[in-house]
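Going line by line, the protein sequences match chains A and B. So the mapping is simple: my numbering equals the position in the first sequence, first residue as 1, plus 968. So the mapping is simple: my numbering equals the position in the second sequence, first residue as 1, plus 968.
No lab work stands behind these hints: they were computed from the structure. Please read all numbers here as calculations on a predicted model, not as lab measurements. All C-beta atoms in this analysis are idealised placements derived from N, C-alpha and C, irrespective of residue type, glycine included. The reader is advised that the hints may include incorrect statements.
Ranges of calculated distance between the beta carbons of each label pair, as one might list FRET restraints [what the hints assert, rightly or not]:
| hint | chain 1 | residue 1 | chain 2 | residue 2 | range |
| --- | --- | --- | --- | --- | --- |
| 1 | B | Lys1179 | A | Glu1046 | 25 to 33 Å |
| 2 | A | Leu979 | B | Ile1300 | 34 to 42 Å |
| 3 | A | Ala1162 | B | Ser1289 | 54 to 62 Å |
| 4 | B | Arg1181 | A | His999 | 48 to 56 Å |
| 5 | B | Glu987 | A | Glu1286 | 29 to 37 Å |
| 6 | A | Asp970 | B | Lys1035 | 55 to 63 Å |
| 7 | B | Arg1296 | A | Lys1035 | 56 to 64 Å |
| 8 | A | Ala1042 | B | Gly1161 | 41 to 49 Å |
| 9 | A | His999 | B | Ser1289 | 22 to 30 Å |
| 10 | A | His996 | B | Glu1144 | 21 to 29 Å |
| 11 | B | Lys1179 | A | Asp1227 | 14 to 22 Å |
| 12 | A | Gly994 | B | Ser1289 | 46 to 54 Å |
| 13 | A | Pro1038 | B | Glu1197 | 44 to 52 Å |
Once the Cα atoms are required to be at most 20 Å apart in a straight line, the calculated DMTMM-like pairs of lysine to aspartate or glutamate come out as [claimed, not checked]:
| hint | chain 1 | residue 1 | chain 2 | residue 2 |
| --- | --- | --- | --- | --- |
| 14 | A | Lys1278 | B | Glu1234 |
| 15 | B | Lys1293 | B | Asp1303 |
| 16 | A | Lys1278 | B | Asp1303 |
| 17 | A | Lys1179 | B | Glu1197 |
| 18 | A | Lys1278 | B | Glu1267 |
| 19 | B | Lys1278 | A | Glu1232 |
| 20 | A | Lys1278 | A | Asp972 |
| 21 | A | Lys1293 | A | Glu1143 |
2 protein chains.
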Amino acid sequence: MDFDAVKNYLLALQDHIVEALQRADGKHFIHDSWQRPEGGGGTSCVLEEGNVLERGGVNFSHVMGDKLPPSASAGRPELAGRSFEATGLSLVLHPRNPYAPTVHMNIRCFRAFNKSIVAQDLQPKQGAEEALAQTAQQVRQARTDESNAVAGVKTAADIWWFGGGMDLTPYYGFEEDAVHFHRTCREALAPFGAELHPRFKQWCDEYFYLKHRKEPRGVGGIFFDDFNELGFENCFALVQGVGDSFLQAYLPILQRRRDTAYTERERDFQAYRRGRYVEFNLVFDRGTLFGLQSGGRTESILMSLPPSVKWRYDWQPEANSAEAKLYRDFLIGKDWLN
Amino acid sequence: MDFDAVKNYLLALQDHIVEALQRADGKHFIHDSWQRPEGGGGTSCVLEEGNVLERGGVNFSHVMGDKLPPSASAGRPELAGRSFEATGLSLVLHPRNPYAPTVHMNIRCFRAFNKSIVAQDLQPKQGAEEALAQTAQQVRQARTDESNAVAGVKTAADIWWFGGGMDLTPYYGFEEDAVHFHRTCREALAPFGAELHPRFKQWCDEYFYLKHRKEPRGVGGIFFDDFNELGFENCFALVQGVGDSFLQAYLPILQRRRDTAYTERERDFQAYRRGRYVEFNLVFDRGTLFGLQSGGRTESILMSLPPSVKWRYDWQPEANSAEAKLYRDFLIGKDWLN
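Starting from the given sequences, assemble the full structure and let the hints guide the process.
Put into structure tokens, the structure is as follows:
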């Protein structure tokens, strides 16, 4: 597998998305590069108090370490504790206008190295710098070993997988927005098999679900993880299809809603519903937990949290109000395309 | 052990604290009783948009179940999966004035029943109602068996423990407030041994720590868990000492700060810092996780979250500002009494 190609694609996608969002907003993102003491780093592109986006982050990272965190090995217990590298692009946009939905998109690629290559040489008593140098050397060694490996299959060299998806979280729902978003997702996946979209759509509904609220996070989209079943080239093409379709999936919705008139009432409901976003990301989200557990950069990880949020006790929308409609017609795990 | 006595004490303490806070605020708490499908229930007392308290909750609960959740058995793996009952009083107050600190107090009592009594009779295929009736019967049986049990020691009947404490989270720090709070905590514990306060103070500093921020939640207080080493009577007396001292620890501080003049700047900093409170409670807090994992009542559990919160990217206080002082002089795990 060509890990560098994935990394370069994600860096180019970050530039492309940031430029398009800047044109839409009229304000510029700041670019903030950081290094991780345990290895790797990233660049966070952040816009706050924009004309359209109240807060938005488009974050690239490439990290490595000598122990895969539990959040990343949950679905693959045989990999617990292996050395790894991971690269990802993660994006959350919180528009100011309550009629414009929040959106999230993520693409990530993991690779875990064969235990026997790494563990025997990394003695716990080594100094941190020496251990890091050795890890880097072993990463290079493992890459060299790749000619012996069959992509996507557990081999002596390593195993890899992709994850990602995108999902939409409206405060006031519009059927045409939900349909457009899901249709774009379906089109992005279509070249790789018609069965993928229903499967990734359902996975998204199951993943972005607030168990303690018995409530979906939004109207869904697509989600996939531990994905390597098509072989590396096809998997990489698939995530490129997803990444390349993001702007097409979201920008028309943002343009349609960004200038809708609103009052304090809608802003208040938006702030209340944003509380659910915080609850999901801090209690359930695998990416957030991976970041915090792997010593990730807190400010970049928590860039996903909304700029202003309200909690209030046991609040219920008035019957038949626009707010009640969100719960009744949109937060129901619906199939938007049939 | 007399579980009912603990429960009755906590109910009386809830009344007492709610009445005192109502006198301080001038507005009344709502009382909201709820039942839990899996057994037990509680009463949440809630005040929102008060004159002094922007949001406050004083929540009593008594719950039971046939499987102790992981968050409660983390420190006692031998109890994983046992049937249990738990009663607690949990309180978080978020004053509106940014010069008045947020405060948290909690007292809880757990008991886990002997596996052999319960597990063999609870067949997984039974209907939920029948299983619940059996659990209730076994709770009664286990209580009857108590004459054979030595308090605080693992026996054929059950084992029990207390947990709790209180901690203070200022937005703008005042040394006299921190000293008064810690001194009151020390006095509450003094009758039970001079070594307890330093131990519970340190435990609090370690527990209320945001690892991903490398930052204490506030100026601390006391925290204890899995506590039964003094025998039931003394442990119960200790938690009563803690509960009874809460108003004395906090009300003078609230009265001193509630009418301090403030501007949007202080409110803004308060909203930003409240984000840390959310992060701690949703990512780390054992009580929150226990509640959410045990099918607790979400609105009562998340009553601890602040009413309005802001996140902003990589914000740092201006050097030598009042906001910088909080980090420099207060969020440092200091010994306030020596």
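Checklist entry - Where does the structure disagree with the numbered hints, that is, which hint numbers, in rising order? => result Numbers 4, 6, 7, 10, 11, 12, 13, 16, 17 and 20 - these are the hints that the structure violates, sorted from lowest upward.
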